[in-house]
Structures are given as C-alpha cells and as structure tokens.
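If you read the sequence shown in full-length UniProt numbering, its first letter stands for residue 1, the second for the next number, and so on.
Calculated directly from the structure, the hints in this document are not laboratory data. Heads up, the beta-carbon is just placed ideally off N, CA and C, and yes, glycines get one too. Treat each hint with caution, since some may be false.
DSSO-like mimics (lysine-lysine), calculated; alpha carbons at most 30 angstroms apart, straight line [claimed, not checked]: (1) Lys476 to Lys566; (2) Lys46 to Lys81; (3) Lys159 to Lys566; (4) Lys191 to Lys159; (5) Lys263 to Lys181; (6) Lys235 to Lys536; (7) Lys567 to Lys460; (8) Lys263 to Lys46; (9) Lys490 to Lys536; (10) Lys181 to Lys46; (11) Lys218 to Lys191; (12) Lys124 to Lys159; (13) Lys545 to Lys566; (14) Lys168 to Lys181; (15) Lys490 to Lys537; (16) Lys566 to Lys638; (17) Lys537 to Lys567; (18) Lys594 to Lys536; (19) Lys497 to Lys476; (20) Lys594 to Lys567; (21) Lys567 to Lys607; (22) Lys235 to Lys263; (23) Lys168 to Lys120; (24) Lys536 to Lys631; (25) Lys263 to Lys191; (26) Lys181 to Lys81; (27) Lys263 to Lys537; (28) Lys218 to Lys124; (29) Lys631 to Lys483; (30) Lys191 to Lys181; (31) Lys460 to Lys566; (32) Lys159 to Lys218.
Ranges of calculated distance between the beta carbons of each label pair, as one might list FRET restraints [what the hints assert, rightly or not]: (33) Lys497 to Arg72: 42 to 52 angstroms; (34) Glu464 to Ile643: 39 to 49 angstroms; (35) Arg539 to Leu421: 37 to 47 angstroms; (36) Leu641 to Tyr173: 49 to 59 angstroms; (37) Pro445 to Lys235: 39 to 49 angstroms; (38) Glu180 to His453: 27 to 37 angstroms.
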Amino acid sequence: MLLLALSLLLDPFGGHARSDNASSHRPDDYTTSPGSESLTRPEPSKDPIDMHWILKWGAIGDSFTAGIGSGRLWDTSEEVKRCARYDRSYVAMIERIVGSSSLSFQWLACSGARSDDILKQAQKLETNMDLVVLTAGGNDLCLIDVLKDCIFVAYNEQKCESAITRAKTKAAYVLEPALEKILVELDRHMKPNTGVVVFASYAQFFHALETTSDECAKHNNWAFPAIGGPFQTLKVDRERRRQYDELVQITNAGIEKTIAEMKARGIKYRLRFANWDDWASDPEVSGQFCWPGSSGLYPDPNQPNLQFFKPETKKKVVHDEIKKRDDANQLQSEDHSGVNGSFYYHSLHDTSPNPATEVIHSLHGGDPIQYAGCEAAHDKRSWGSGLPDRYGKFFHPNEQGHLTIASLVLHKVIAARASVLDEAHPICNDEDRDYFQCRENRGGPLSRYVQSHLLDQTYKTYCEEVNPPKDEPSWKNERVFYKGTPEEHKYSISLLKGATQFNRQECITSFLRIIHGCDVGRPENPLSLKHGGIWKKGRYLYMLKAGHIRRPWPVARPGGTCEGWKKPLWARYTIRGRLWADLDHGQALRSSAKSCIGGGLTSWEFKYFDRPDQNDMEWEAQFSTPIWVLKRCFQNNKVFLNIGAPRIGCEGNDYPWPFNG
C-alpha cells in the first residue's frame, strides 16, 4: 500500500528541494511557495496522483506536525524556533511534493499546542483550502505528566498512577468535544466537496508483549539524567509500557470516533484518518522502544527502523552516563529560548548527597502550575516545557517516523482525490481496502456486550494460543470464552485470498484496537462496556463478537438484590445480580456464602436469564442455609465484598425471634 506514496516522497514529481536558507524569507506562521504566481499552471488531470489541484494548503496541530527535532529548523524566524518546526517532518516532505504547484502554504503547527491552541490555528487558515493536515489531542491528556512521572523522573509509584488516571479521565471527557470544535472550524475554511483534511494518528511507543526476558526493564535506564547508583527510577517494565501504549490507543480511538461522527453529521469536506500505528508495531519494521534485541543505544544498530527519538537508555558504568555526544548537525539549529544552560550542567554533574532529589526539584519545580489539569504544562522547570529540542524531541517521530507518516498521509490524500474524481484508487481496489467497524455503529440493539477488563485478559490468550495450520491458505480460526454466560465472547481470524502466514504481534495489536477503539467516551456507557467490532487489514479479517444473551442496557453500575426469609428450621435466600458473579455459574458466590455461614448451605440453584428481569438483573441464585445468618453474612456485605461484588445489602426476616417479625 505504501509503495506508491513512498516513491512520491523519495522522488517528488512536482516538488522542489529546499536549500538550507530557502525559507528564511517566509513570514513567521504562514508561507507562500516562492515564485508560484509567475509559473505556468497546468490544469489538474484526472489522475489522483497528480497534485496540481492543491492550490492552497496548510498544516495545523502539535509537535507531531511541527516535527520537533527532525532534521533542521525550517527557517531562522523566532516563531519557527518557538514552535520547533523542522525540515524533515512529514509536513516538509509533503511540501516538497506539492512544491511550486501551490499558491500558498500555511504551516501553523506548534509544539506543545493543545486543542484550544489548534482551534486558533484553524481559525487563521485562509478560506477555500484544498488540503489541511493535522495532529491533535495528545497534549490535552497531560501525557507530559505521564512521561515525567512514569518514565524520566519516575521515583513515586503513586504519582505515576495518578498521571495515568488523569490522562484516561481526560480522554473520556475532554478529548472528543475538543477535537470536534477543530473539525467544525475547518468546515469554514475548506473548499466545499473537494477540500481534503487528513488527521494523522499517534503511534504506540513501546513493545509490550510477553518475552522470555524483559531486557528493557532489566538493562535500560530511562531516568533523566541517568543518575544510577542507589537512586533508581521506577522500572519501565512490561505493565508500565502497556499502560502508556493504552493511552495512545485510547487517544487514537477518540480521534477515529470523532472523525466518524463528523462524517455522519455531513461536513462539506473530505475527512480521512492516517493511522501509522500499525507500521511502527509491525515485526518487520520493529519501530517501537524496547523491541526484543534492541541495545538501548540511539541510533541502535540492532534496530535501524526505530520510528521515534529516544535517549540512550543502555546502562553504563558509573559516571559514563554524564557524557553526551555533540551532534552539530542538530544542535546548531535547536531552540534554546527560555532555558538556563547551566541547569543541564549542574543537573548532570550534581555532587550533592542526593542528586536524584535535586534533579526532581529542578525538573518538577517547587510549585508546579496547574494548567488545564496538567501539572507539568507551562512550568518551565518541568519535564518537556522549555527544554531544548534535543531533549524535547524524545517520544516524537524521528526522520523514519515522519517518512512513515508522510507516506500514509499522502496515501489518504490520493484516496480522497480519487473519490472526488470518481476514479479508481490507484493503489488498491475497493475490495482490498482496509476497514474498521465497531458494533456500536452498525445500528440495532446494544444489549450484547462484554466488560472490558475481561477482554483485556482473553485477547492475548487467544492470540498466543492460535495454532495455525502449516502452509494452508485462506484458513479461519475462532475461539469462544466464557461460553453460556452473559460475558460470552468470540474471537475469530479469517485469512483471505490465499494468505497463509499468521502474525501473533498483529493479532494482538488488532484485537487491542477493536477492544479499546470502540465504545470509548460515550455518556450512556460510563462502564465502557464493549460490543465488539471488525477490522480488515489487507487479507486478514479480525472479529470480536459478544455472546447471545441479552443484557440490561444502558447500565451505569453493577448491581444486585438479596433477600433472606426465615422458614421453620432453615432460611431461604434469593440473590440476583448484574455485571458480577456471572462467569462461573455463581460458584464464587456459593463458596463465599458457604465459607461465611460455616457449613449447611444446601439446595443450591443458579440460572442465567435469557433477558434482564424487571429490575435489570441477569442471573439468580437460590439456596437454603441455617437460620439467623442474614446479619453476619449478607446484610453487612461480607459475602459480596469477598468476591469483589458491589455492596447490595440484604433484605428479609432471617433474624432471631422476636426480631424476625
């Protein structure tokens, strides 16, 4: 799919190579292609690959679209320095392809921009734009806090968990409304019907799959600076990497969901999503941090296709970590504004009794400014704010990553142009196109779903235990988990058109995207219950389907009822519930009740309902007990809390006489 787009990037047909000083005459936040007014302009052809239709285009967004650290600064203006726009970013690559065809080019993206800043960038765009590219959303989630508190200055587990929780909360309640405002504003600036907007994704930074030995956690030091000795930061272990990757997945899911909603609303321009996450995590690319076999060096001879900038994390002998390489090609053009140069020297050469404490104080600040719920943002002494680009570029795409993004963005531009011209897509036929579809968007009842924490446990088991047939084309595999319960769900993989190879990494990534890319941030679904979905990638079809039992919908929380009635010589209990004790036909509930009662539990009956009862319950357990156990086992929630169930209490008259009515 990327071959054509890559060929255009490597040998641009309509572009021009920019010399080092070619753009020094350009205004701060707006550029015009030099000499384009006097050129003889050919008419755009009916070929979707021909870019002469792009007369006015622009780039808005955050550091991913500014391209911090990738190459050299775009020009010498203060605005470009402040925003860290670089000449090997994906925007600069596409500009060379569009080249002298365009009359105007507005590059407004700025490192550190949040959605409200990007909205202001969109408002500065001219009208009747032919093409706009953008990234947005990451800074709204306080990911800078996660980087600081979980990776670079990670000395406190509680602060790390707090930063991750804060990011997830913002993803659920802030991200989509903020992105929607930007896309609505673009409708006022794009050329109706033919204008194209391409929203580029983020990509997961870490390899977080099971390996025989987690070398990244054992042999890499991500501290900034790498102090070592007794002052050890939290390990960037598999679980920490998985949590950070999940934030990226949630962000991408929110972007994709917002795009789908805007299309359904009827925007006037062509809106596309360029997702480069798959490429970075593909085993043939090995583009993520902590890939098995990586050395921790940067550049890494064992990992030539790494897609992101990173510090050297390979553990060295004492004091070696303070030695830094001076890469003149990059440092000459980096922005150092607002930075005290002596800060880095003293941080890296600290001789205090506890250098870790001093570095934390310097980087974290004595009184961090609370900005939109993010501790680190706008505190110039906090990680990532005011740092030179040679540090700020970490966890951003490098030149390889920007080439990937440019290729996928260009692919989406060509696809959109083909749809405008009503021409066949030059890269792939309709039947070969990838598509992603959530069950929630297909209409019909939403009463079949699975709790997300259960899916997080089963998708990896499924992918790791698939046993593909050897050399057999077009095979299919499926597996059902928790069969016969309300949480029943099925994973399936179908290989199409003669495909034979099975890739476990792609299987895991694909189902992870279905799970966390659907049912995200919906007010009527506060528990993020999952309805499943489909992802077709080339000749591979991945599907997650919920079971056949109808469940209460919508539902805000787990719930239940309990009643215990005294009989002449025993008591009879009836317990009903939803979203708990439903995986094992109530056996965990039975064991907990029996343990509390101390024996004598008889006549056990358990059943699932085909559909919720009048109180939205989905199962029922009935059993007999000795008398007078209501208060000490059920009314005080002891039986329920022992198995992680909600506090439902218990009604009834199973009390000693004369209190039993």
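Do the hints match the structure? See the list:
About 55 angstroms separates the Cα atoms of lysine 476 and lysine 566, which puts this hinted pair outside 30 angstroms; it is violated. Only pairs whose Cα atoms come within 30 angstroms are accepted, and lysine 46 paired with lysine 81 is rejected, the gap being roughly 40 angstroms. Straight-line distance between C-alpha atoms of lysine 159 and lysine 566 comes to about 51 angstroms, which puts the hinted pair past the 30 angstroms bound. Distance check on the hinted pair: lysine 191 and lysine 159 sit about 47 angstroms apart at the alpha-carbon level, beyond 30 angstroms; violated.
At roughly 14 angstroms between alpha-carbon atoms, lysine 263 and lysine 181 fall within 30 angstroms of each other, so this suggested pair holds. Taken as a hint, the lysine 235 and lysine 536 pair is broken in the structure, with Cα atoms around 36 angstroms apart against an allowance of 30 angstroms. A C-alpha spacing of about 49 angstroms is found between lysine 567 and lysine 460, which places the hinted pair above 30 angstroms, so the restraint is violated. Restraint check for lysine 263 and lysine 46: the C-alpha separation of about 25 angstroms stays at or below 30 angstroms, so the hint holds.
At most 30 angstroms may separate the alpha-carbon atoms for a hinted pair to count; lysine 490 and lysine 536 meet this at roughly 16 angstroms. A distance of roughly 33 angstroms separates the Cα atoms of lysine 181 and lysine 46; the hinted pair therefore is violated under the 30 angstroms criterion. Only pairs whose Cα atoms come within 30 angstroms are accepted, and lysine 218 paired with lysine 191 is rejected, the gap being roughly 53 angstroms. Restraint check for lysine 124 and lysine 159: the C-alpha separation of about 38 angstroms exceeds 30 angstroms, so the hint is violated.
With a CA separation close to 44 angstroms, the supplied pair lysine 545 and lysine 566 exceeds the 30 angstroms bound. Between lysine 168 and lysine 181 the alpha-carbon distance is near 20 angstroms, which keeps this suggested pair within the 30 angstroms criterion. The hinted pair formed by lysine 490 and lysine 537 meets the criterion: a straight-line CA distance of about 19 angstroms does not exceed 30 angstroms. For the hint pairing lysine 566 with lysine 638, the CA-to-CA distance comes to about 20 angstroms; that is within 30 angstroms, so the pair holds.
Taking the CA atoms of lysine 537 and lysine 567, the gap is about 62 angstroms. The hint is violated against a cut of 30 angstroms. Note on lysine 594 and lysine 536: the hinted pairing is violated, with a Cα-Cα distance of about 48 angstroms set against a maximum of 30 angstroms. A distance of roughly 12 angstroms separates the Cα atoms of lysine 497 and lysine 476; the hinted pair therefore holds under the 30 angstroms criterion. Pair hint lysine 594 plus lysine 567 holds up; C-alpha atoms about 19 angstroms apart against a cutoff of 30 angstroms.
Restraint check for lysine 567 and lysine 607: the C-alpha separation of about 23 angstroms stays at or below 30 angstroms, so the hint holds. As the CA atoms of lysine 235 and lysine 263 are separated by approximately 42 angstroms, the hinted pair breaks the 30 angstroms bound. With a CA separation close to 25 angstroms, the supplied pair lysine 168 and lysine 120 stays within the 30 angstroms bound. The hinted pair formed by lysine 536 and lysine 631 fails the criterion: a straight-line CA distance of about 54 angstroms is larger than 30 angstroms.
For a cut-off of 30 angstroms, the pair hint linking lysine 263 to lysine 191 stands: about 16 angstroms separates their Cα positions. With a C-alpha separation of about 27 angstroms, the suggested pair lysine 181 and lysine 81 falls inside the 30 angstroms cut-off, and the hint holds. Taking the CA atoms of lysine 263 and lysine 537, the gap is near 22 angstroms; set against the 30 angstroms cutoff, the hint holds. Only pairs whose Cα atoms come within 30 angstroms are accepted, and lysine 218 paired with lysine 124 is rejected, the gap being roughly 48 angstroms.
With a CA separation close to 35 angstroms, the supplied pair lysine 631 and lysine 483 exceeds the 30 angstroms bound. Only pairs whose Cα atoms come within 30 angstroms are accepted, and lysine 191 paired with lysine 181 is accepted, the gap being roughly 18 angstroms. Distance restraint check for lysine 460 and lysine 566: the Cα-Cα separation of roughly 47 angstroms exceeds the 30 angstroms cut-off, and the hinted pair is therefore not satisfied. Taken as a hint, the lysine 159 and lysine 218 pair is honoured in the structure, with Cα atoms around 22 angstroms apart against an allowance of 30 angstroms.
Judged by the Cβ atoms, the range 42 to 52 angstroms given for lysine 497 and arginine 72 holds: they are separated by roughly 45 angstroms. With their beta carbons about 28 angstroms apart, glutamate 464 and isoleucine 643 fall outside the hinted range of 39 to 49 angstroms. Remark: the range hint 37 to 47 angstroms for arginine 539 to leucine 421 is contradicted by a beta-carbon distance near 27 angstroms. Between leucine 641 and tyrosine 173 the CB atoms are about 29 angstroms apart, so this pair departs from the stated range of 49 to 59 angstroms.
As the Cβ distance of proline 445 to lysine 235 is approximately 45 angstroms, the hint placing it in 39 to 49 angstroms holds. A hinted range of 27 to 37 angstroms holds for the C-beta pair glutamate 180 and histidine 453, which are about 28 angstroms apart.
Checked against the numbered hints given earlier, this structure breaks hints 1, 2, 3, 4, 6, 7, 10, 11, 12, 13, 17, 18, 22, 24, 28, 29, 31, 34, 35, 36; the rest are met.
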